[in-house]
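Asker: Sequence:
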Amino acid sequence: MGKMDSLHTPPISKIPYDSEQSFAGRLPIFTWLLLTYSATMILQTLAHPMLLNSLLFTFLFSLYFVLNSFINVFKMFRPWVYILVQGGLAFLCGLVMPDGFQPTLIGLYSLLIGQSVGVYYQISKVVMVSLFCILLMCVATILMGHLHLLVIYLMIMLPLIISIVGYAVMFFRQVQARVRIQTSLHELELAHQKVEQLTLTNERQRMARDLHDTLAQGLAGLIMQLEAINAHLNNDNVKRGQEIVQQAMERARVALADARSAIDDLRAQSGEDIGFIESVEKEVQRFRSTTGINCVLIADAIMPLSPMFVEHTKHIISEGLTNIARHSQAQHAWITVKEKMNSILYLEIKDDGIGFDSKKIGKQVGHYGLIGMQERVRILKGTIHVQSKTQEGTIIQIEVPIQKGE
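Numbering (my numbering), first residue to last: 2 to 407.
All clues given are correct.
Simulated DEER-style distance windows between Cβ atoms:
(1) P308 with D237: 51 to 59 Å
(2) V246 with Q194: 46 to 54 Å
(3) Y347 with N231: 55 to 63 Å
(4) L56 with M156: 27 to 35 Å
(5) Q398 with Q248: 42 to 50 Å
(6) V82 with Y347: 56 to 64 Å
(7) A260 with I299: 24 to 32 Å
(8) Q183 with M156: 36 to 44 Å
(9) K341 with K283: 21 to 29 Å
(10) L257 with K341: 35 to 43 Å
Note that these hints are calculated values from the structure, not bench results.
Cβ atoms here follow ideal geometry from the backbone N, Cα and C, with glycine treated the same way.
Model the full assembly from the supplied sequences, consistent with the hints where possible.
Answerer: Put into structure tokens, the structure is as follows:
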């Protein structure tokens, strides 16, 4: 039964406020306090100007205003202290203004009841605060000699209380809904980052398995060929032994190239990272030696980058060079890497090959690598632009926000 009187929402005191939420919630309160102060001063001045009382009232009202600004601090630790202190200050403010106490008592106590919704967010406690405020108002009204007008004051105050409480309930529910949305978005972002990390981990594990299989199979084949060579030499079959030697040398070169490629891909995970630009230079050198295509690298010094950023970017460049080797029939290629303003990394992959219709990306066989590049650019929250025409070469321009390394 203890939970039946709640407003079916988690305690608002546990919800973090940002600056926009705090200002949006306090602006109506500040406006209400300004109107209350102005009405009290006007009524008192018109009826019977009292300079000393007005100064004392201004001091007490200012104290009420200042404490109201620290409501979040009070409700985290001692919310009942805030209710008692503010209730007492409102009582004193009313007593020092004998001809203008009505706006003060009605305005401040109605506001305090509305704030109790955000402080406690339980019907039973809001009712207790309401009874406390109404009791203080009745006592103050009697002390002022306005007992015959008490019912009228309460009739004026009741609709205000209902309106303010209704507004407070709707406001705090909107705040909670916004916080829940922000929390959900944050959780989705964390989940997305986790998926990316798992994807990279799985990819590294796959490359590690490929490296193991490549070396194991390559070495096993070499051992078998060496044993065959030894057997042929023992039988004085030198010619056949030389043929197998040539085959073994070619097989060793292939295995070494595969192993180097896998090791370079895995280096981002190890403590032997040679740097982003250096790794791109190695990729370009390997491209030149493998394809015979003249590839020029234009690169500026780049700040230290995060391992995930480096890995995605290297894969983008590698895929671009692979596409040139497989499809472009180019004689020259150019890779540009530079850092632009606002921490943007600019990549350009260009060739003088036969080109293609860029409108057919993803629809034409042989250009699926571009889709993979687009996906990696999307993960890095960047943009990619492909310019290509038949017989006019291809230019791929990529801009991604730089993710700094630690």
